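Asker: Sequence:
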Amino acid sequence: MYETYTTVIGTVVSDPRHRQTTTGEAVISFRVACNSRRIDKRTQEWIDGPTLYLTVSCWRRLLTGVSQAVAKGRPVIAHGQIKTNEYVTADGERRADLEMTATAVGLDLSRCVVSFHGAPGQEPSTDDTAPRQVATAADGAAPDAETRRAA
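All residue numbers for the sequence shown refer to UniProt numbering, where the first residue is 1 and numbers rise by one.
Quick caveat, the hints were computed from the structure, so don't treat them as lab data.
Because the structure is a prediction, the values reported are computed rather than measured.
Keep in mind that the hints are not guaranteed to be accurate.
Claimed, not checked - Distance ranges between label pairs, derived from CB positions:
#1 Q44 x G24: 54 to 60 Å
#2 V113 x Y2: 21 to 27 Å
#3 G106 x D15: 15 to 21 Å
#4 E3 x Q68: 16 to 22 Å
#5 S110 x K72: 17 to 23 Å
#6 G92 x A33: 23 to 29 Å
#7 T23 x T103: 16 to 22 Å
#8 T23 x D48: 38 to 44 Å
#9 Q68 x E93: 22 to 28 Å
#10 A26 x W46: 35 to 41 Å
#11 E93 x A33: 18 to 24 Å
#12 V113 x T22: 35 to 41 Å
#13 D40 x V88: 38 to 44 Å
Don't be surprised by glycine CBs; every beta carbon is placed ideally from N, CA and C.
Please work from the sequences and hints to get the whole structure.
Answerer: Take a look at the structure:
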């Protein structure tokens, strides 16, 4: 009833993990680190703020695009429903983790260059009813510290 939707901008910090649920539904999950940056007026250097880590889970229509475009070290933008998962570890310690069920995931074009590849035999389309197109990073390198932006 009171779902919380948000958008995060960050860097993928784990290899995407493909798995199937007990009901056979496919899902891809990966971890994202998001941090703010600010300029220190005294030293004129960039300083990283606290880092937010969350797991992004992708289902259904996102599977093909995410599996081809998202990789460890790549800058991403993800939008979806966010929630807290609470659990108990094997040694009895209580923990909590943030998880986003994504409705949209893309590469952050302010921090990387991509090469667009549509489905074979299709022209790129702006029609929202057309099948989704896939973008892949031109290189797998993570952006250097100078090109990182505030998340």
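Asker: All the hints need checking, so say for each whether the structure fits it.
Answerer: Against the structure, the hints come out as follows:
Range check, Q44 to G24: Cβ separation about 55 Å, and the 54 to 60 Å hint holds. Remark: the range hint 21 to 27 Å for V113 to Y2 is contradicted by a beta-carbon distance near 39 Å. For the pair G106 and D15, the beta carbons lie near 19 Å from each other, so the given range of 15 to 21 Å is met. Separation of E3 from Q68 is about 28 Å and departs from the stated range, judged on CB atoms against 16 to 22 Å.
About 19 Å separates the C-beta atoms of S110 and K72, a value consistent with the hinted range of 17 to 23 Å. Range check, G92 to A33: about 28 Å between beta-carbon atoms, so the 23 to 29 Å window is met. Taking 16 to 22 Å as the suggested C-beta distance range, the pair T23 and T103 conforms, at roughly 20 Å. The supplied range of 38 to 44 Å is met by T23 and D48, whose beta-carbon atoms lie about 41 Å from each other.
Evaluation of the 22 to 28 Å hint for Q68 and E93 yields a failure: the beta carbon distance comes to about 37 Å. As the Cβ distance of A26 to W46 is approximately 39 Å, the hint placing it in 35 to 41 Å holds. At about 22 Å, the CB distance of E93 to A33 agrees with the hint of 18 to 24 Å. In this structure the hint that V113 and T22 lie 35 to 41 Å apart at CB holds, the actual value being about 40 Å.
Distance hint check: the CB atoms of D40 and V88 are about 41 Å apart, consistent with the given range 38 to 44 Å.
Checked against the numbered hints given earlier, this structure breaks hints 2, 4, 9; the rest are met.
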